[in-house]
Amino acid sequence: MNKFTLHTGVAAPMDRANIDTDMIIPKQFLKSIKRSGFGKNLFDELRYLDEGQPDQECTGRPLNKDFVLNQSRYQGTSVLLARENFGCGSSREHAPWALEDFGIRSVIAPSFAEIFYNNCFKNGLLPIVLSEEQVDKLFTEVQANEGYELTVNLEEQIVVTPSGEKIAFEIDDFRKHCLLNGLDDIGLTLQHADDIRAYEAKRQAEAPWLFGAIK
Amino acid sequence: MAGQTLYDKLFDAHLVRTNEDGSSLIYIDRQVLHEVTSPQAFEGLRIAGRQPWRIDANIATPDHNVPTTERSGGVDLIVDPVSKIQVKTLDENCDEFGILEFKMNDQRQGIVHVMAPEQGAILPGVTAVCGDSHTATLGALGALAHGVGTSEVEHVLATQCLITKKMKNMLVRVDGELGLGVTPKDVVLHVIGVIGTAGGTGYAIEFGGDVFRNMSMEGRMTVCNMAIEAGARVGLVAVDQITVDYVEGRSFAPKGEQWDQAVEAWKDLVSDADAEFDETVVINGADIDPQVTWGTSPEMVVSVNDQVPNPANETDQVKIDGINRALEYMGLNADQKITDIKLDRVFIGSCTNSRIEDLRDAAKVVEGRKVADNIIQALVVPGSGLVKEQAEQEGLDKIFVEAGLEWREPGCSMCLAMNPDKLGNGEHCASTSNRNFEGRQGFGGRTHLVSPAMAAAAAVSGSFVDVRELIK
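In order, the protein sequence lines correspond to chains X and R.
One rule links them: number in the working numbering = place in the first sequence (from 1) + 182.
One rule links them: number in the working numbering = place in the second sequence (from 1) + 2.
Hints were generated in silico from the structure; no laboratory data involved.
Quick reminder that beta carbons are idealized off the backbone N, C-alpha and C, glycines included.
Only true hints are included.
Calculated pairs, BS3-like style, for lysine-lysine (alpha carbon to alpha carbon, straight line, at most 27 Å):
| # | chain 1 | residue 1 | chain 2 | residue 2 |
| --- | --- | --- | --- | --- |
| 1 | X | Lys384 | R | Lys168 |
| 2 | R | Lys105 | X | Lys397 |
| 3 | R | Lys321 | X | Lys319 |
Selected chain X positions facing chain R (in silico; Cβ < 7 Å):
| # | residue |
| --- | --- |
| 4 | Asn200 |
| 5 | Pro208 |
| 6 | Tyr381 |
The task is simple: from the sequences and hints, build the whole structure.
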């Protein structure tokens, strides 16, 4: 997994609540059996005017010029500002894969849907929860200033604005540790294999009907 | 000390260890796999040289991509080459690792959340995951069931555990009785309208009260299925005799002495009388009418006899913007009557509403009637091969076909249009599925979520109608 330590990049405002994972990556692109290559179809139905097909070359497709990430001032965006309940709906991990493949490293919103929030951490993408007022202020600033960049410092748990304002954010220690070091969850969990085996033996004694039934 | 909720009990019973930072490792008894969210997980295992921790904890079936028209030619004849690869990849992965899979033309194949309880693969008291947010469905059996992402699918395959944080507890209590023609789907849509699409975020929702106590297992599954549309990863209903009767005799359910032992253990799968919930929502069942969603989020729901909302009545700007955007996408006007919305297609199916009772409800309404002229297509897609077989034994297929609806092979179908069943641009659909998001059922498609009875009523009327007028 990619590490996340310190990142500075162009911020773009997605001014809309309840952005669901169908919107982030529409269903027809979930047919891939790979983890990469989803970036060109990120926000496909908002971004292009035609209906996208899997395996289609996207460079010649008609762009929706009103869509924020198509505007010239937001080219190269890597920090996405969003509204409440970002990532709701389907559990598809293709959503963070698409964001990451597009070049987004961090999403800042007042709240996230849980499955999406979890999935981000497995893919080196940092979701940051700030208060509605703080997010509002960032929206205002980014809209007013072309080339507006945000710095995200995970070690210190702060977002830094171009004026030098530091906004603190919360994150679980374990998730922070994994992200800072690019650690693989499975490897970490398997360090506790003895605990898992001990639990399993107890479970089998208590609920033997759950073992060996499906075959 | 206050008693425990059902969620607390299930969580504690599966706790392997608590990490220093407060996150927990919980043991997962069952994983259900399908073709869309598993290929990258199996690939991850192979790359790392890992084997599944426990083969007999897994069960698989293809559902999202499978065509629902005649498919006796098998996987090789799936027309869409990308879908074909995905279904084949699941077959190959299950064969390689020795995981039990009901392949496309096996009669036990079906939508994961229909197939797994039907087979007794999900039992009361288990923890279960699936790479699909509607795994919440399985909580209807008193099981702790999470939807997870693909990395977590791989994590559970490799370790039989999930890293998680304990959720908060919410009780949604619906008291009293439901009126005639008001179904579990109407109940859950109404609940989502009350608490909002993010109202359950961070909570496990237990559905309690007389309405759920008197509800069938099929109905409870419909309700738990949509807990995620209120933001909650987990929906739960306490175990009672209805649960036990449902499970008894199913393929993977315990038998003989183990059955008695299991039933005894399951008696504790209820919230203690003095359990404390972080949040409680109380609704009177008699206040619920048949529901219809008008917008692009499941919380945008009203009674069939209401009107589309007017943004002028709102004060919050984010909400006003949301309503305006939804009205534009849906091609509706503020204050328009729900019964004035013209429909183009009808879809009866999905993991929410494709079980035998759903099909019976719909058949009752269309029997002796005909699909309206303006309806281009009305699909009935059973949730599994076994549901299909039972419906055919009861003659439901004939009622549907006679009325002009199409009777299909089991799969996810038009719920998310990863297969050939989809809406055309701008078309309105009365759908028994679970999400009315933009583009969900097809590019530019306009979804209205309803119960099977309401979808059937819409099919024969051509627009929304209060189903109570047809079944008086």
